[in-house]
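2 protein chains.
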Amino acid sequence: MPAKASKKKKTGAVKRKASSKAVKHVYAFGKKTDGNSKMKTLLGGKGANLAEMAAIGLPVPPGFTITTEVCTHFSQTKGKYPAGLDAQVKAAVKQVEKEQGKLFGSKTDPLLFSVRSGARESMPGMMDTILNLGLNDKTVVALAKKSGNERFAWDCYRRFIQMYGDVVMGVQPRNDTEHEPFDVVMDKLKKELKIENDADLSAKNLQELVKRYKALIKQRTKKSFPQDAYDQLWGAVSAVFGSWNNERAVIYRQKYNIPSEWGTAVNVQAMVFGNMGDDCATGVAFTRDPANGEKVFYGEYLINAQGEDVVAGVRTPKPIAQLADEMPHAHKELEVVRKKLEKHFRDMQDFEFTVESNTLYMLQTRNGKRTGLAAVRIAVEMNKERLMTEKVALSKIPAESIDSLLVPIFDPKAEAASKAIAAGLPAGPGAASGHIVFSASTAEREVKAGRKVILCRVETSPEDLKGMLASEGILTSRGGVSSHAALVARQLGKVCICGASTVKIDYEKKTLIAGKTLLKEGDFISINGTSGEIFAGAIDTTDSEVKRVLEGNLKPSKSYTYRLFSTVMGWADKYRKMKVRTNADTPEMAVSAIAFGAEGIGLCRTEHMFFEGDRIDYMRQMILAGDEKERRSALKKLLPFQRKDFSGLFKAMKGLPVTIRLLDPPLHEFLPHDDTTRHQLATKLGVSRETINERMKALHEENPMLGHRGCRLGVSYPEITEMQARAIFEAAASVMKLKKPIKVSPEIMIPLVGFQAELKDQVEIVHRVAKEVMAAKKVKIAYTVGTMIEIPRAAITADEIAEVAEFFSFGTNDLTQTTLGLSRDDMGGFFDDYRNKEIFNQNPFASLDQDGVGKLVEMAAEKGRSVKKNLKLGICGEHGGDPASIKFFNSVGLNYVSCSPPRVPVARLAAAQAAL
Amino acid sequence: MPAKASKKKKTGAVKRKASSKAVKHVYAFGKKTDGNSKMKTLLGGKGANLAEMAAIGLPVPPGFTITTEVCTHFSQTKGKYPAGLDAQVKAAVKQVEKEQGKLFGSKTDPLLFSVRSGARESMPGMMDTILNLGLNDKTVVALAKKSGNERFAWDCYRRFIQMYGDVVMGVQPRNDTEHEPFDVVMDKLKKELKIENDADLSAKNLQELVKRYKALIKQRTKKSFPQDAYDQLWGAVSAVFGSWNNERAVIYRQKYNIPSEWGTAVNVQAMVFGNMGDDCATGVAFTRDPANGEKVFYGEYLINAQGEDVVAGVRTPKPIAQLADEMPHAHKELEVVRKKLEKHFRDMQDFEFTVESNTLYMLQTRNGKRTGLAAVRIAVEMNKERLMTEKVALSKIPAESIDSLLVPIFDPKAEAASKAIAAGLPAGPGAASGHIVFSASTAEREVKAGRKVILCRVETSPEDLKGMLASEGILTSRGGVSSHAALVARQLGKVCICGASTVKIDYEKKTLIAGKTLLKEGDFISINGTSGEIFAGAIDTTDSEVKRVLEGNLKPSKSYTYRLFSTVMGWADKYRKMKVRTNADTPEMAVSAIAFGAEGIGLCRTEHMFFEGDRIDYMRQMILAGDEKERRSALKKLLPFQRKDFSGLFKAMKGLPVTIRLLDPPLHEFLPHDDTTRHQLATKLGVSRETINERMKALHEENPMLGHRGCRLGVSYPEITEMQARAIFEAAASVMKLKKPIKVSPEIMIPLVGFQAELKDQVEIVHRVAKEVMAAKKVKIAYTVGTMIEIPRAAITADEIAEVAEFFSFGTNDLTQTTLGLSRDDMGGFFDDYRNKEIFNQNPFASLDQDGVGKLVEMAAEKGRSVKKNLKLGICGEHGGDPASIKFFNSVGLNYVSCSPPRVPVARLAAAQAAL
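Those sequence lines, one after another, are chains F and H. Each residue of the first sequence is one higher than the last, beginning at 0 in numbering that gives the first Met the number 0. Each residue of the second sequence is one higher than the last, beginning at 0 in numbering that gives the first Met the number 0.
No wet-lab data here; the hints were simulated from the structure. Treat the hints with care, since some could be wrong.
Note that identical chains are pooled: a pair holds if it fits in a single copy or bridges any two copies.
[Stated by the list, open to error] Lysine-lysine pairs mimicking DSS-like chemistry, simulated, CA-CA at most 30 Å apart:
| id | residue 1 | residue 2 |
| --- | --- | --- |
| 1 | 79 | 770 |
| 2 | 635 | 739 |
| 3 | 862 | 886 |
| 4 | 144 | 683 |
| 5 | 854 | 759 |
| 6 | 187 | 97 |
| 7 | 759 | 254 |
| 8 | 836 | 635 |
| 9 | 862 | 836 |
| 10 | 89 | 31 |
| 11 | 776 | 77 |
| 12 | 867 | 854 |
| 13 | 871 | 854 |
| 14 | 519 | 294 |
| 15 | 854 | 868 |
| 16 | 77 | 867 |
| 17 | 696 | 451 |
| 18 | 854 | 886 |
| 19 | 557 | 317 |
Note that the coordinates shown come from a computational prediction; the quantities given were computed from them, not determined experimentally.
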């Protein structure tokens, strides 16, 4: 979790600003092109790629980009612009006027602009866009004349007023229940005119609408709609820059760790019109299927529409294939563009186009967002097609993606037995069941209350982001694969079906009707985001294909996803330097982890073994013992259980290293918390209730996290360490003496060490017991004894500790708690505040705080190896499964990471990416 | 609390060992002298000073020292000796034989030895000693013949067998109730012979006693008493080396932070006899009074006795002045020796001597242990006498000593109203009241149960150490100022009266009788260790003379201790580099601290202000508020109280800097814990009990130490920070506008910062409020805003934090808790284990863990100053009053330490010593 300050340093965004006044703030594209695709930091993704497309000869309407630096200036000065910007913008407008042969604000042949945001990383739908800018009461007339299409001109104007009124002048619903005010005005007019479709509104009707829109703005804002083209332009530019800090953009940045310092660029581009008639169209396309990665031309378009109509999902667009029939020429051109784009950008592209009077214009291209599954498939296949090298392909797969090949799917039998009530576009693969909710806020509330929900909407909008994040899956009845719902689902890895047009959702009645089935809010629904099928009720899930192959329940040849998985894992294993182990406490977990590619156990928590059956009684007897003798007697009873646990693990691991952590939690964690169990315990142990209560009271701790636990237990009660060591070595001996002997490599790990002397104390016990057991069993066991590095003092004195330890394993969970002085259990009270104020860019328990905790890890690694050059270093905190953290651990030179069994493939991939 | 490993590095004890076999293990002293007083590390204090005395011509019986390195070898190899030692010892014995003209083990003129321990630092009574070694059934006859005193020879032999049987062969009481077995045998014989005094036993009787002693040894050990002189020597040497690790020595080392690696040397010295007749004597003397520091020849002796008799307190010795009458020649010689010693060693000396047939022999000298009061007086007076420079004198006063001039004394009126029931030797100054206990174990038990006790013993022995440590004061009825009780009291700074011979203590009846007063175990008793008077019942205590002078209640000229104090403080202020501030929350505390020399407030904890009167209700209202509005309303009520608190502090501090820490503890600490108060609160606040209970439940934390506290509160509830900042600035403004304006320098301190961003968040609020208040009040307040460094991340990212902070104050309490992962509240469960196993050499909350926490302090200081060269650095944890920690803080370059008011003088002195 790099803190704000450090990210800043990495961006270099601030550096340029210090230089002279002659800073270039505006970059042209078109016939004259200043930028290129490498300038994303300065021009944003959209601006840089518009420049690149213009440069390689694709048909891009001319325009210019105002840099991200201006955004930063704008944010820091609370709305001011750097000196000289105005002149540079004017010059750029002039250049466009020259290229287009039109004049901005002209009453005869007006040049119109679109104004769009464009950050360094795409943030679809997060910021504002304004189209048709430059129209006013005069220019609209000119446009009508020039285009010969009066209705078109007035439609453009009313759209412009609506967007500008909303985005720049803030005419928006005033609460959750109020409808979009411009829509209300339009609906009212349509009702008066008894017109149903917008398309049936005549030019006259639209003139009336414009009048009413302007009145609405005046009423709401006490200001007139601006008529001056440059006033409009600056209003729009300011609104876009301002939208960088709107709530949904901030939330989005938090989710994707985009620093607020990056800022957005603003792209001002000559308008082309997809809505000038039936020889016009607008669309969005992907060079491959972004949902499953298949190599098909994928996209959708609307005839006679503006770009925003496609994304907004107001009209359900047509699949791109139909364009071949409707506009064969444009379709052919698009196919050429598709190939050219992939060949040039060497990645799947997501692009926007407009056809104006049968002429194709490219409005944007970018690397397409894709689901995890698609990421894997595209990388593997593009490598096969020699569009990507192995290394590039590997780097193109977000490590988390591999998870989507492993997530549960609906149990095939259960799914087969269920009848789909409807189907939609499969926009986010996977299986999800949950209670139906119809609003994002309900979704959030229900999830906080512990329920799983499926968010069902006619369509989604950026305001729904939080609710979508909370839901198991998303279902929409309207909108295509490039609708907001699909876009977000793709990025969040959410199960999603969109455009299920036979589903009728009624927000007021809170019902969802599909054919004869009526479902209410709260009812269960299940969606298969891979097939697009929707089921009433809950359906059981089962293992993914990959998992079934790994566990021998499906032939590899039967599963294409398995082949994708194994190709990627093959690459990963070829390039990674770090080993990947797993955190497993039982033979079952161990077996599953080995199937996922684990190369050993990095953390076996022995305390989990004490809860089952009789053991907990003996454990409690041990804890409540009055003296060492009683304690030893209870430990004697625990010994055979522990021995059995360990021999089970050793058998399952077949000679792979097994790191066993000795008892760690404070003893009171094992005691019953309710009176009944406590009284039963008293009876079982043959002591009075008072004795039990008193001893429990004595064991109470104010801050158990910092209390009598870890090696402190072993220091106070050496007999516990003895028993555990004995169980380990006796188990090892027994497994080595089986008919088919199994090699055993136990690595015994002493937890919570802060002082060399306490480690020494424990290590001596382990060695003594090892000697005893090896002598008694006449066997030589290869074992090592090491320590957790999980409190700051251990890291600070790692050189001293390394004199005694044979390995270090970083316990980054506790190390984070102590280094940040932050209890994971108690963070709930202020975590949201810290996220909102951007003090935490991430949850430090999910992704390592590299500037703080990371420094200690680095220090400990260096100090440890200064004493023992080849000291084995690993990490067994939950960060072991987090790609960003893995990258860091690789840079520090750890030998392995250890994570939960299902995270092993992610870790393997992340380790490889880190090594590249 | 330097860990074991690091102390090792400092000693250099191990280095030499690696070299060749020709290591010198044995150092002679006498006519041939190999060592000198600078070789204490190798020869121990006693051995080095015996060599030094021999070298400057004082009459030292010849002998040799076996080095501490041999002890270390002996401990590490569990009882083995380095190669070549045997030959070196033999050669050394030969040299002594030559000088004395006697032969070791000779049947005609046997040379006898004493064998004594001697560590680098004196550990009186902690280890074993054996006298008269070399006697056996043959040599005893030769000794009798040669000395012409058969009784003397047999008395030496029986003493030797007793010591050797006890120390080397382990014939000791088998439990607490059993008497010393050799005493039992002797008592039986005396009964049989109807003899009362040992002195009345004839040579024949003693021969019988020797027979019975040998039989006792045979019976107990199944071994015969060894007859070979060299066997005896090696047995004794091994026993002394072995005694380095006996329980009482280990406890002593823990108390005085003596690393176990130091080891002890063994001194083997030709016997001289103080018990050969009435022209013989033995004694212990100090060149000045060790109890109060007065320049008088001070000591005691016994005619016709061996040295151990004096220290053991078996016979009450006579004051040294009487020797002038009894042995005028020896006394004259001693006066010469006394002056020579002080002039040569330039410090008060504690020495042992023996007069054998009117000839004086010096057996030992060392810097005398002294009480705190004596330390101060001796340093001041020796400086006046030009025996010490100012700097040396300063360095000779343990900083803690100054405390003994400040500890409470009995209230003079109450003491005058009480009648002393007895008096003894004032051996440890000060006043103590407590319940009478008669055994060390009872003392320990009672103190654990929370009672204050006075340990009353006939005499004390090393076994009583733990009990003495636990007691408020110690009273003995037997033994002089060099008795065990007096020695230990001197070192522990315990109030002590010894040799109160009119007091009759009966262990069996558990009574103490003084004249007509009978006191029982559990009764109150009061002892004045300065005057030696004993009182029945408890007496109130009052301020020390120094404190009364400082507070204007006593004229400086009336108090010699005040003049001592002010001389030492004058020196301290001249040499120290660090400022000394105080931790004070109220004007009263501030005034008291200023009297003690505090130069500002380093920590004002604002939370303490919220508990009084109505405030706690408003505080609770604030905490339980449902929203910001309710919270602000409660804060508004708290504002005037806080403002008043701060203006009080500002007035008291008269322009000295005041560091105010904003609210720190988790809010639930302010809530009531019992149901009744909770219900009253519900009524007061007009909410339901359920609401209260629910909100309290929501505030519960698993690990409050790591929870929602410190600046995290201000981040979540900026209105709290606002209110506190407003109170500070409004108070400052009001004080600056008084008729007699007072300068104000508030330093506002944000607690628990770990991230630059959170500090920034809080600093911005403070600056905003400051601006508002200054504008409203039309005044300019000079203030700074800084931060606590109290969690590891703050230290690690101190460079980032320093960009925002104007000062750092190390909160070493919390920094210790987080760096060590160690809750101070929960350490009780294992602290003893950690002390016993020497994992902790000290309580890390009392003395800074320099190798762990200290490294972070150093890192933060460096990183902070790398960004702001003159960043003000202070420390306000409890370590600010600990001399060892202060030394460290000085070395790191802190600007000030802050400690509790009564610790200010100690801190001033320690800061000066650190600077020297």
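These are the hints, each one checked on the structure:
1. Taking the shortest alpha-carbon separations for residue 79 and residue 770, only the inter-copy value of 23 Å comes in at or below 30 Å, while the best intra-copy value is 76 Å.
2. For a Cα distance limit of 30 Å, the shortest separation of residue 635 from residue 739 inside one copy, 29 Å, qualifies, whereas the shortest one across copies, 78 Å, does not.
3. For the homomeric pair residue 862 and residue 886, the shortest alpha-carbon distances inside one copy (21 Å) and between copies (26 Å) are both at most 30 Å.
4. Taking the shortest alpha-carbon separations for residue 144 and residue 683, neither the intra-copy value of 97 Å nor the inter-copy value of 76 Å comes in at or below 30 Å.
5. For the identical chains of this complex, residue 854 and residue 759 are neighbours both inside a copy (26 Å) and across copies (22 Å), given an alpha-carbon limit of 30 Å.
6. Taking the closest pair of Cα atoms, residue 187 and residue 97 never come within 30 Å of each other, the shortest separation being 42 Å inside a single copy and 128 Å across copies.
7. Taking CA atoms no more than 30 Å apart as the test, residue 759 paired with residue 254 passes between copies only; the shortest distance there is 23 Å, against 44 Å inside one copy.
8. Taking identical chains as interchangeable, the C-alpha atoms of residue 836 and residue 635 lie at most 30 Å apart only when they sit on different chains, with a minimum of 25 Å there against 54 Å within one chain.
9. For the identical chains of this complex, residue 862 and residue 836 are inter-copy neighbours only, at 25 Å across copies versus 36 Å inside a copy, given an alpha-carbon limit of 30 Å.
10. In this assembly of identical chains, residue 89 and residue 31 lie within 30 Å of each other by CA distance solely inside one copy; the values are 15 Å within and 103 Å between copies.
11. For the identical chains of this complex, residue 776 and residue 77 are inter-copy neighbours only, at 28 Å across copies versus 77 Å inside a copy, given an alpha-carbon limit of 30 Å.
12. In this homomeric assembly, residue 867 and residue 854 come within 30 Å of each other (Cα to Cα) both inside a single copy, at 20 Å, and across copies, at 21 Å.
13. Taking the shortest Cα distances, residue 871 and residue 854 sit within 30 Å of each other both inside one copy (18 Å) and across copies (25 Å).
14. Taking identical chains as interchangeable, the C-alpha atoms of residue 519 and residue 294 are never at most 30 Å apart, the minima being 39 Å within one chain and 99 Å between chains.
15. Taking identical chains as interchangeable, the C-alpha atoms of residue 854 and residue 868 lie at most 30 Å apart whether they share a chain (20 Å) or sit on different chains (23 Å).
16. In the homo-oligomer, the alpha carbons of residue 77 and residue 867 lie at most 30 Å apart only across protomers (28 Å), although the nearest pairing inside one protomer, at 55 Å, exceeds that limit.
17. In the homo-oligomer, the alpha carbons of residue 696 and residue 451 lie at most 30 Å apart only across protomers (25 Å), although the nearest pairing inside one protomer, at 39 Å, exceeds that limit.
18. Both within a single protomer and between protomers do residue 854 and residue 886 lie at most 30 Å apart by alpha-carbon distance, with minima of 14 Å and 28 Å respectively.
19. For a Cα distance limit of 30 Å, the shortest separation of residue 557 from residue 317 qualifies neither inside one copy, at 33 Å, nor across copies, at 105 Å.
Violation of the numbered hints given earlier is confined to hints 4, 6, 14 and 19; the remaining hints are satisfied by the structure.
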